[in-house]
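Chains A and B, in that order, are what the protein sequence lines are. Using this note's numbering, the letters of the first sequence map in sequence onto residues 275 to 653. Using this note's numbering, the letters of the second sequence map in sequence onto residues 275 to 653.
Each hint should be verified, as a subset may be incorrect.
Identical chains share a label here; the pair holds if one copy fits it or two copies do between them.
[Stated by the list, open to error] Okay, derived cross-link-like pairs now, DSSO-like style, lysine-lysine, Cα gap no bigger than 27 angstroms in a straight line:
1) K277 to K393
2) K359 to K600
3) K600 to K320
4) K320 to K567
5) K585 to K320
6) K567 to K384
7) K567 to K393
8) K400 to K567
9) K585 to K400
10) K393 to K600
11) K320 to K528
12) K283 to K393
13) K567 to K448
Just so you know, these hints were derived from the structure itself, not from any lab. Everything numeric in this text was worked out from a predicted model, so none of it was measured.
There are 2 protein chains.
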Amino acid sequence: MTKFQFELKATEGQGNLGARRGTLTTAHGVIETPVFMPVGTAATVKAMTVDDVWATGAMIILANTYHLMLRPGPERVERLGGIRKLMGWDGPLLTDSGGFQVMSLGDLRKIDEDGVTFKSHLDGSKHRLTPERSTDIQRMLDATITMAFDECTPFPAEKDVAAASMRMSMRWAKRCREAFQHRPGYGQFGIVQGSIYPDLRAESVAALEDIDFEGYAVGGLAVGEGQQAMFETLEVTTPLMRADKPRYLMGVGKPDDIIGGIARGIDMFDCVMPTRSGRTGQAFTRRGAVNIKNARHAEDPRPLDEGCSCKACTHYSRAYLHHLFKAEEVLGLMLLSQHNITYYQDITRGARDAIENGEFDAYQRAFHEEYSSGDIEPL
Amino acid sequence: MTKFQFELKATEGQGNLGARRGTLTTAHGVIETPVFMPVGTAATVKAMTVDDVWATGAMIILANTYHLMLRPGPERVERLGGIRKLMGWDGPLLTDSGGFQVMSLGDLRKIDEDGVTFKSHLDGSKHRLTPERSTDIQRMLDATITMAFDECTPFPAEKDVAAASMRMSMRWAKRCREAFQHRPGYGQFGIVQGSIYPDLRAESVAALEDIDFEGYAVGGLAVGEGQQAMFETLEVTTPLMRADKPRYLMGVGKPDDIIGGIARGIDMFDCVMPTRSGRTGQAFTRRGAVNIKNARHAEDPRPLDEGCSCKACTHYSRAYLHHLFKAEEVLGLMLLSQHNITYYQDITRGARDAIENGEFDAYQRAFHEEYSSGDIEPL
């Protein structure tokens, strides 16, 4: 039986704050960290086959409890053998708790101490999520990593509001832990809240460590506070977190957010940005973001990103990608999704190699220099 | 230099009417016939990469002059090296003449003896297609097989209307032939018209043979006349067509249309049905058409078609495909497009093997029996 286990292989930086290179062993495979997890909301990374996802170098993907509990429904997924089996993904899978999406429903949801009642965005049907139900749904989905059900404190929040919200999340975290069914190689992560208040973050870290999870996430960031406030919050949070457990920054982010997160001791990331942007024609390249719909690409025979090994960059020209987006062809979003996920995997792989070699600081500087250098000259 | 050449390897049936097994050699590859050509309207077979298209067994694809002349435009495509290079398709490519789409524009087009003036469905801009311009556009697109620009006679048509339309198409065919630039391994096909009138079809066949093309298409069918009238028209048309040139039935069709067309001496087919149906959740299987959105598939762990080797059938369950369509996920249409094109390639490959072995008649009967046997029993 595989044990769910995190091994720290190298660190770089100041004490407990710096970049970390680790290995997370799970029932469904080994994850080299820092790692970026592509998002497969409804049991598919949008517009990609699982072979496509593997080809990018991805080692773990994420799925959303909120979407899957509404459709196809957790009981049905359980009868079909879990999300991994349903979608043909052999590797590890992390599910969020549904909390973030439910909180985003605004008027459609009502929170009380026990949990949240909400209406489906699909058909208006009434549902309820509690720490226990969320944890059980994630078991039915067969998530390798289960997330605690929490309230993602909105930003901005007055300190007393942020404190009350965080403390309820900590009570919920305890209930989630009690509801979690331990299985070899499976793990559950608690989520640090506390908005941008250092003492609340510290209180949350301590509360979660008392409960004792297999890993810890930093939640409530990338919700409008801006990169500087996010980094400042990480700088007062990650140093307090246990070094021997994986740390996951939820819902982050742009390429420079990820490199900055790694620099501040984060091991795991997820974000819809590479796939969502890919569907609108925005590509992330070594030289920054590029909108492939821009007319200047219309006759450009060069690849989108000469340094990239993905199918879009090795098989097709900017001119063709441009045409596909102008003609609203599905192949365009298929190719750009693959490219963007490949790019995210490339920068995290680069970070892993750099930390191993004690060169992360130089890697980070080189990344910023190239990323801000601007797209290649028009022909 | 490769010569554009058709070799008849085997025939089965009554004289010049029966099924034919042939090989068409072109500048861009060899095509085993009978063959089904997937449609890549805007320089992409919708929702499939060219690797996906190759994996189905496809040997030649089709692209649409009307769509490509509007976007990205023939001059631009020529500067980019042609459609095959633009889309990364190394094999042979056939372009239609634009005629069929332009005629379908209704009030947006005006026909005269010289050609057709029409407004773009995209932006209302005014364009003109003549036999010469269509032929030249297809040269700029670098089509392996260029089609003559003709008027697809609407159905139903009075005989005098059908005759006048066909005769104008024959005058246009002569102009197309004069405008065609001969290159080794490239060919041009004339199109037989004449609606459902045997003597008009005969007149059209003779007129085109006088002009002398590398191949001949049967046009003006699958436009509402029904399968019986289509087959009857083929039965009085293909026996008159030269045996030593490839015959192409344009825009056809459903699986049983294709098998029936092969039985009546047709070598080449194209149709949007497998990709278009794939995008709406309709799958073609050995046991007939299946709508994967139907609730009975929601928990069915079996493959869509157990006899199929495509990715959708070997990697995924009906339950997953059903979920993808209910959730409107792009992966659903990617997988069903691949499946449907694979199925079309499978039935034409089966026909080729059968004709070679002198067993096409038995093959055809077995096909109909299985195709009409109904989908597998619900679980």
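Cross-check of the supplied hints:
no.	hint	in the structure
1	K277 to K393	neither (38 angstroms within a copy, 67 angstroms between copies)
2	K359 to K600	between (36 angstroms within a copy, 18 angstroms between copies)
3	K600 to K320	both (20 angstroms within a copy, 14 angstroms between copies)
4	K320 to K567	both (20 angstroms within a copy, 19 angstroms between copies)
5	K585 to K320	both (16 angstroms within a copy, 17 angstroms between copies)
6	K567 to K384	neither (41 angstroms within a copy, 33 angstroms between copies)
7	K567 to K393	between (37 angstroms within a copy, 24 angstroms between copies)
8	K400 to K567	between (41 angstroms within a copy, 24 angstroms between copies)
9	K585 to K400	neither (43 angstroms within a copy, 37 angstroms between copies)
10	K393 to K600	between (37 angstroms within a copy, 19 angstroms between copies)
11	K320 to K528	within (18 angstroms within a copy, 30 angstroms between copies)
12	K283 to K393	neither (45 angstroms within a copy, 65 angstroms between copies)
13	K567 to K448	neither (49 angstroms within a copy, 41 angstroms between copies)
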